[in-house]
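J.: Read off the chains here:
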Amino acid sequence: MGKTFQKPEALTDVHTHYCPGCTHGVIHRLVGEVIDELGIRGRTVGIAPVGCAVLAYNYFSCDFQEAAHGRAPAMATGIKRVRPDLMVFTYQGDGDLASIGMGEIIHAANRGEKFTAIFVNNAVYGMTGGQMAPTTMPGQRTTTSPLGRNTEETGMPIRVAELLSSLATEGYITRQTVIKPKFINRTKKALKKAFTYQMEGRCFSLVEVVSTCPTNWGMTPLDAIKWTEETLLPYFPLGDFKTPEEAEAVSANA
Amino acid sequence: MAKVLMKGNEAIGEAAIRAGCLNYFAYPITPQSEVAEYLARRMPEVNGVFLQGESEVAVGYMLFGAAGAGERVFTTSSSPGVSLMSEAISYIAGAQCPAVFVNIIRGGPGLGGILPSQGDYFQSVKGGGHGDYRMLVMAPASVQEAVEMVMTAFPLAEKYRNPVMILGDGLIGQMMEPVEFPEHLRSEPSKKDDWATNGMDTRKSATRNLVKSLYLDPEALNNHNLLLKSKYDRMKQEEVRYESYNAEGEYQALIVSYGTMSRVCRTAIDHLKEEGIEVGMIRPQTVFPFPEKAIHEAASKENCRVVLSIEMSMGQMVEDVERAVMGKRPVKWYGKCGGEVPTPEEIIEVVKEHL
Ligand SMILES: Cc1ncc(C[n+]2csc(CCOP(=O)(O)OP(=O)(O)O)c2C)c(N)n1
Ligand code: SF4
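Sequences listed follow chains A and B, in order.
In terms of the numbering used here, the first sequence opens at residue 1 and continues consecutively.
In terms of the numbering used here, the second sequence opens at residue 1001 and continues consecutively.
For reference, chain A alone in the conformation it holds in the complex:
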C-alpha cells in the first residue's frame, strides 16, 4: 500500500489552486505518472496555457514555458523544431485551444509537429468566470449565454478530436474522460500512447479529456459528473479517432 498515493516525481509537492471536484488535478497527476513511467522528466518541457491551468508550471517538476492565450502549439513547434530530442507537451483548455488558438492547433497538427497536446474540454471558460466556450452545449447557461447557448446565433459545439482527425496528416487523436476510475485508466493509457508516439518521433498527438467545472456549471462535483455523463459524453463520444497504425493500414490497402 501507500505506493498508489505517492506523488509522481514529475509533480511538485504543492497544493493546487483548483476548485474542489475539478478534474484538472486528476489530469495533472496522470501526466505526471506517465512522465515518471517513461523516465523522461529530465528532457521534458511543458507549456502552460492561459486558463485555469495557467499556473500548471507550479505543479510539474520539469522545465516549463508559459504561453500567451492559445499560442502553446506554436511555442511547442518552436521548441520541437530546434530541439527535436526534447519531449514537449501543451496543456490547454477549450477557450485556449478551440477558440483563440484554433489556428495554431490545426496547423501544428497538420504539419505533424511531434509534440503532445493535452486538451481539457470542460465546455466553459473557467478562469474568466464561466463564459461561453466553443464547446458549450446547446442551451447550456453561461455568463455570456445567460438564457442558454443559442445555436442559431453561435453555432454548434466544436468537436475538436473529430475536426483534427479529418486532416490527412498522420496523427494520434483520441478523446477520453476522467469522471470515473475506469475512464481514468483509459486516459492514462492514451496519454502514455501519445507520449510514446512522440518519443518515437512518429506523429502529432492530441488527447482530449472531457472534464468538469463544477464551479462555473453551478453544480456539486457529483452533479457535475452526472451532467458530464448525460449531456457531454453523448455529444463528445470517447475513443481513438485516429492512430498512425490506422493510417498505415489505409495506405497499405490503397
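None of these hints come from the bench; they were simulated from the model.
Glycine included, every Cβ here is placed at the ideal spot set by N, Cα and C.
Be a bit skeptical, because a hint or two may be false.
Claimed, not checked - DSSO-like cross-link-like pairs, simulated, lysine-lysine; straight-line CA separation at most 27 Å:
#, chain 1, residue 1, chain 2, residue 2
1, B, Lys1204, A, Lys192
2, B, Lys1293, B, Lys1236
3, B, Lys1293, B, Lys1126
4, B, Lys1212, B, Lys1229
5, B, Lys1293, B, Lys1231
6, A, Lys7, B, Lys1204
7, B, Lys1212, A, Lys7
8, B, Lys1236, B, Lys1332
9, B, Lys1126, B, Lys1212
Claimed, not checked - Chain B is nowhere near these chain A residues, computed Cβ spacing over 10 Å in every case:
#, residue
10, Tyr18
11, Arg141
12, Lys226
13, Trp227
14, Leu238
Using the hints, position chain B with the ligands against chain A.
T.: Just chain B with the ligands now, with coordinates in the frame of chain A:
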C-alpha cells in the same frame, strides 16, 4: 574576405547564418519575402531550421518557444506582419528571452502600400505590444551595415535577454550592394543554462527552469518591471550608436535622419556645402536607445539655428529629437511617406526655408 554583390534581403539572411544563428521561422510578406526564399534554400545546406509558419502570430510564438529553449532564432517580416508579432514580442521581453526580429518597413497604416517607409518608428521604439517593455532597435543605412547589425544583434539579444529589432526600410531590402561578412562578428551562442528550458538532462541539473511572464503578486510584478527597466537603462548607457556627418565644424542647421533617408540627406548636405551653406547631420544607428546626448550637443552649437528631423514618415522620430534638443533650438519636421523618398533638391529647399 572578398566582397560579394548581394540584394539586401538575401544578405540579411546570410548574415544571420554567418553570425551563428541557424533557426529561422517566417511568414511571407512583401517587401522581404526574398529572405524566406533565400533561407528556404540555404538553411538545409547548413543543417539549419527553416519553417514557414501559418501566420506572423504563430511565428512570433515559434520564436518564443525556440528562444525559451535556449537556441538562437530569428525572423524577418514587414509592417503588418510585425503588428501581428507584437503580442509575442511583449511576451518574449516579459519572459526575458533573446530573439532577433527584422522589420523591412513598408507604408501604412493598414495595408498601406508595399513601398519603402519609416512609418513603424513608434511601433518599434515606443513598444508595439502591451506593457512596459523596450527593444534594442538598430536602423541600417546600407546593406553592409544591415549585415553588421544583424550579426551583432544576436550577442546583444543574449547580453540583455531581450528582443532586438533591425529596422530597415524597403530600400535596404531591395538594394544590391557589395557586402562582406566580417569574420570577427561571428559569435558563439552564450550559455543559457541558468534560465532556458533546454531540459534538465541537457544542463545536468536537478532543478527545472521556467520561462514565463506572469507575476500575479503586485510587488513581484513591480520588481520584475524594475529589473526590466534596469536593462533598458543599461542599454541607454552602453548601446547608443550614431554617426555624425559634416558636424565637426560650425553649421547653420542640424539634420537628424536615419536609414536610407540619411543617405539622401548626405547628398543634400554636400550640395549645400558647395553653395556655402554648412549643415551638420546626426544619424542614429540605434533608435532605441536614442542618441539624445549627441543630438543635444550638436544642436547646441553656437551657429546652429534650427534642427530638422527628416523622415519617411509623418513626424515620428521628431518627437524624440524634440526631447533631445530640450527647447534649445526650434525643431522642424520634414518627410514623406507612401514610398516616395524626399529628393536632395527638396531637402535643400527645406533647409533654406528654415534659415
Ligand atoms: C489575448 C487574451 N484574451 C483574453 C484573455 C482572457 N482569458 C484568460 S483565460 C480565458 C479563457 C480560458 O478558458 P479555457 O481555455 O476554457 O480554460 P479553463 O479556464 O476552462 O481551464 C480568457 C478568455 C487573455 N488572457 N488573453
Ligand atoms: S473554475 Fe472550473 S476549471 Fe477552473 S479550477 Fe475551478 S472547477 Fe476547475
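J.: All hints, please: hold or fail.
T.: We went through each hint and held it up to the structure:
| no. | hint | in the structure |
| --- | --- | --- |
| 1 | B/Lys1204 / A/Lys192 | holds (25 Å) |
| 2 | B/Lys1293 / B/Lys1236 | holds (10 Å) |
| 3 | B/Lys1293 / B/Lys1126 | holds (19 Å) |
| 4 | B/Lys1212 / B/Lys1229 | holds (17 Å) |
| 5 | B/Lys1293 / B/Lys1231 | holds (19 Å) |
| 6 | A/Lys7 / B/Lys1204 | holds (23 Å) |
| 7 | B/Lys1212 / A/Lys7 | holds (25 Å) |
| 8 | B/Lys1236 / B/Lys1332 | holds (25 Å) |
| 9 | B/Lys1126 / B/Lys1212 | holds (22 Å) |
| 10 | Tyr18 | holds (16 Å) |
| 11 | Arg141 | holds (29 Å) |
| 12 | Lys226 | holds (34 Å) |
| 13 | Trp227 | holds (31 Å) |
| 14 | Leu238 | holds (30 Å) |
Checked against the numbered hints above, the structure violates none of them.
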